[in-house]
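The listed protein sequences derive, respectively, from chains Z and L.
The first sequence begins at 1 in this note's numbering and counts up one residue at a time.
The second sequence begins at 1001 in this note's numbering and counts up one residue at a time.
Hints in this document: simulated from the structure, not taken from any laboratory.
Any given hint could turn out to be false.
[To be verified] Pairwise CB distance ranges (calculated):
(1) T1029(L) - F155(Z): 23 to 31 Å
(2) D124(Z) - E1077(L): 17 to 25 Å
(3) F155(Z) - Q1182(L): 12 to 20 Å
(4) L1152(L) - N40(Z): 40 to 48 Å
Note that beta-carbon positions come from the ideal geometry of N, C-alpha and C, so glycine has one too.
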Amino acid sequence: MSKFKKKKSGALPAISTASLPDIVFMLLFFFMVATVMRENTLMIENNLPFADQVEKLDKKDLVMYIYAGKPSENFKQYGTEARIQLNDKLADVSDIAAFIAAERAAKREELVPFLTTALKVDSDANMGLIGDIKQELRKVNALKINYTTKKGSVFGR
Amino acid sequence: MAKRAAPEVNAGSMADIAFLLLIFFLVTTTIEVDSGINRKLPPMEESDEDVVIKQKNIFTVLLNGKDQLLVEDELMELKDLRAAAKEFLDNGGDGSCSYCKGKKDPKSSDNPDKAIISLKNERETTYKTYIAVQNELVAAYNELRDRRAQELYRKSFTEMQANYKDVNWPGNKDKLKEKIDQIKLEYPQKLSEVQ
Chain Z
1 MSKFKKKKSG ALPAISTASL PDIVFMLLFF FMVATVMREN TLMIENNLPF
51 ADQVEKLDKK DLVMYIYAGK PSENFKQYGT EARIQLNDKL ADVSDIAAFI
101 AAERAAKREE LVPFLTTALK VDSDANMGLI GDIKQELRKV NALKINYTTK
151 KGSVFGR
Chain L
1001 MAKRAAPEVN AGSMADIAFL LLIFFLVTTT IEVDSGINRK LPPMEESDED
1051 VVIKQKNIFT VLLNGKDQLL VEDELMELKD LRAAAKEFLD NGGDGSCSYC
1101 KGKKDPKSSD NPDKAIISLK NERETTYKTY IAVQNELVAA YNELRDRRAQ
1151 ELYRKSFTEM QANYKDVNWP GNKDKLKEKI DQIKLEYPQK LSEVQ
């Protein structure tokens, strides 16, 4: 009778991992919600400069993005000079007017005066290019601009 | 025959699947930067009339192609620029500015309303340096405004602006707007860029 009695082991029972999926799912949902898919694939290097007197851009849908910088590794054929990128392709300074017009046409009319142009420019680009962009923006009367920067000290860490 | 319960599905691999998804999202997440320095460009005007501004009311900042800084015809390090700009703006030379705490030097600016900072850069200047200079100049204005706001309302200017933008702020927004405009009037941001 006592032949088949189970041996009692002295070891501690294993910790239940049944709640592990729940924890992981919680993290997963957080990242899924927090993720913003990039709208544009960058063809240029875009290492933003640092500044500490920054203001937040609050209305994301009222922002037009202009990127500028050196073409990145995969797009070496475009040279090593800093270039402008509008939407998904490299552009010239003269294309900015058309780009702004297209962006404005896509928005409701009453929102057009609140449009801001965000300049996302690589920290190693030179000011000649920025000056040209600004001149072009003045021509089409897009006067509200924002130099997008990372938050940090300007003197480096 | 005895009734048999359906066997339970093993959920042990659920964690693995969830981890896989989690790692995918972790890797693909890019936190977009959405803050920066706001500026307003001057409108295009074809007017030829020249406004006469006294030389002493202009604070010239020059950035050359080698990222060197020339302020009022003297070489200057970036770290000294903020203090120099503050001193210039806060000078109050003609005595009409009751809240200025500067030296009242007759050779420097008359009052904050007349004081203009003029920034000129060359085509070869790097963007990083330009932003650093912009940042320091904006900081000079902000520090003066902060000081004035502390005196008048016991609150910093940046805090007031944050409150004004905050939807959940319980106070009276119209009054706050008035206060902000008052300070902006006392220290107007006059930063001109030469093309």
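Here is how each hint holds up against the structure:
1. T1029(L) - F155(Z): 23 to 31 Å: holds, 30 Å
2. D124(Z) - E1077(L): 17 to 25 Å: The hint (17 to 25 Å, Cβ to Cβ) holds, given that D124(Z) and E1077(L) are roughly 21 Å apart.
3. F155(Z) - Q1182(L): 12 to 20 Å: violated, 33 Å
4. L1152(L) - N40(Z): 40 to 48 Å: Holds, at about 45 Å.
Of the numbered hints given earlier, the model fails hint 3 alone.
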